[in-house]
Amino acid sequence: MNLALDMLTVFAVSAGAFFFMAGTIGLLRFPDALARLHALTKVDNLGLGLIVLGLLPHVGGPLGALKLVSVWLLVQLSGAIVTQLIAGVVRQGGPHA
Amino acid sequence: MANFLFSAAAFVLAIVALGLLRILHGPAEADRMMAAQLVGTGGVAVLLLMAVATETPSIVDVALMLGLLAAFASVAFVKGASGSEMETPEASDLR
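Protein sequence lines correspond, in order, to chains A and B.
According to the numbering used here, the first sequence is numbered sequentially starting from 5.
According to the numbering used here, the second sequence is numbered sequentially starting from 976.
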């Protein structure tokens, strides 16, 4: 059981770190601002979400796990709102502004 | 397990630092703000990994605060970028 939980942690945290890498590469390599914004949201949702999922077995107690999940939910909610607002600014300024 | 979590934190930190290159050569202000948003999310991830690796639960509070401040920074940017000569994006969406 313990080994299975450790394997879940290693797998999920590695996958989360992979999504962080993918988001950063997208931010650096994608051609226009809206595509870069699209790469950024993957980091907010999947990258942080998988890392939190991997950490859940090790926080000790349901209250700590709930706190970890609520950190992820806060980042996800604020990320969704902020990307909408930034996309609004990008669209008003035109493709190259 | 702590060693793995530490190395994962170091990896995420290095990746996020690489993302700062986008701040260096923009081209637009919004692109720079996206990199700052990435640093906010990456910082939260690193802090959560450190909290579990060092078994210090109070670091989770720091991560919570960083997530909150990153959101406020981006909202302040949007207000500043669309405040003076243009109307705010949310107002133009309503038309």
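Heads up, some of the hints might be wrong.
Chain A regions said to be covered by chain B (calculated; three or more residues, Cβ under 8 Å) [what the hints assert, rightly or not]:
1) 5 to 12
2) 23 to 32
3) 66 to 72
The hints are simulated quantities; they were obtained by calculation from the structure and are not laboratory data.
Where is the CB? At the ideal position from N, CA and C, for every residue including glycine.
Against the structure, the hints:
Chain B is given as covering the region 5 to 12 of chain A, and this is violated because 1 residues of the stretch bring a CB closer than 8 Å to a CB of that chain, at least three being needed. Figure legend: the region 23 to 32 of chain A, annotated as covered by chain B; annotation consistent (6 residues with Cβ-Cβ distances under 8 Å, at least 3 required). Residues of the region 66 to 72 of chain A lying with their CB closer than 8 Å to a CB of chain B number 3, which satisfies the three-residue condition for coverage.
Of the hints listed earlier, the one the structure fails to meet is number 1.
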